[in-house]
Amino acid sequence: SQQGEEDPQALSIQEGENATMNCSYKTSINNLQWYRQNSGRGLVHLILIRSNEREKHSGRLRVTLDTSKKSSSLLITASRAADTASYFCATGATGANSKLTFGKGITLSVRP
Amino acid sequence: ETGVTQTPRHLVMGMTNKKSLKCEQHLGHNAMYWYKQSAKKPLELMFVYSLEERVENNSVPSRFSPECPNSSHLFLHLHTLQPEDSALYLCATRQVSGTGELFFGEGSRLTVL
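For the record, the sequence lines run as chains C and D.
Under this note's numbering, the final residue of the first sequence carries the number 117; numbering is consecutive throughout.
Under this note's numbering, the final residue of the second sequence carries the number 95; numbering is consecutive throughout.
Source of the hints: derived by calculation from the structure; they are not laboratory data.
Do not rely on the hints blindly, as some may be mistaken.
[Stated by the list, open to error] Below, computed lysine to aspartate or glutamate pairings styled on EDC-like, alpha-carbon distance capped at 20 Å:
1) 109(C) / 88(D)
2) 31(C) / 26(D)
3) 109(C) / 6(D)
4) 22(D) / 88(D)
5) 109(C) / 67(D)
[To be verified] Not the full set, but computed from the structure, chain D residues with beta-carbon under 10 Å of chain C:
6) 17
7) 26
8) 41
9) 44
10) 49
11) 50
12) 82
13) 83
A virtual CB, placed ideally from N, CA and C, is assigned to each residue, including glycine.
Chain C with its partners taken away, still in its complex shape (with noise of 0.2 Å):
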């Protein structure tokens, strides 16, 4: 199984700080990407990440893969409380018939 598992499963940090939160996967992959859910809505994407590359960032996201370890990184930096929502690691393959495999997700609380 591609299953990503995020860590940790919540996490409550105050305005201004960091979030960490990490996926690990079990196979090989071509792509790893982050969405994120705000309460009842729809995913939507945040950034996706080659199986070549190591490092990657989109505003105040940074994201960084070890296929060595199969472990990915996503750091939100001086987050907001409009931060809050869970977040989703997916592990895929490109192709036609590609699918992405989604782990439960961990759950941001930003306090203000």
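Since the structure of chain C is already known, use the hints to place chain D on it.
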């Protein structure tokens, strides 16, 4: 607005009812997905349509029946459901030759009484 619209947003049905969930996309994508999201569980992939052909059926019970009449529309027909089928059903789309990013709708919250 993600370009993927799901209706209805909320649905309550009895176990003997027949209902359908609808997904419509305006992104020109050629692959569409149904996912089930239950509390405390990972997203479960149910069905995949690629280029309007069903390419994945993840051991989903026959009481769930997908339909993809064209590249812009995807349906999930429901009949004789069980209370454990209560969940958030998410439609997603992507471009097969694209980056691999999925675009999700807001979901249909289903409650089976």
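task = Quick one: which hint numbers does this structure break? Sort them smallest to largest.
result = 3, 8, 9, 10 and 11
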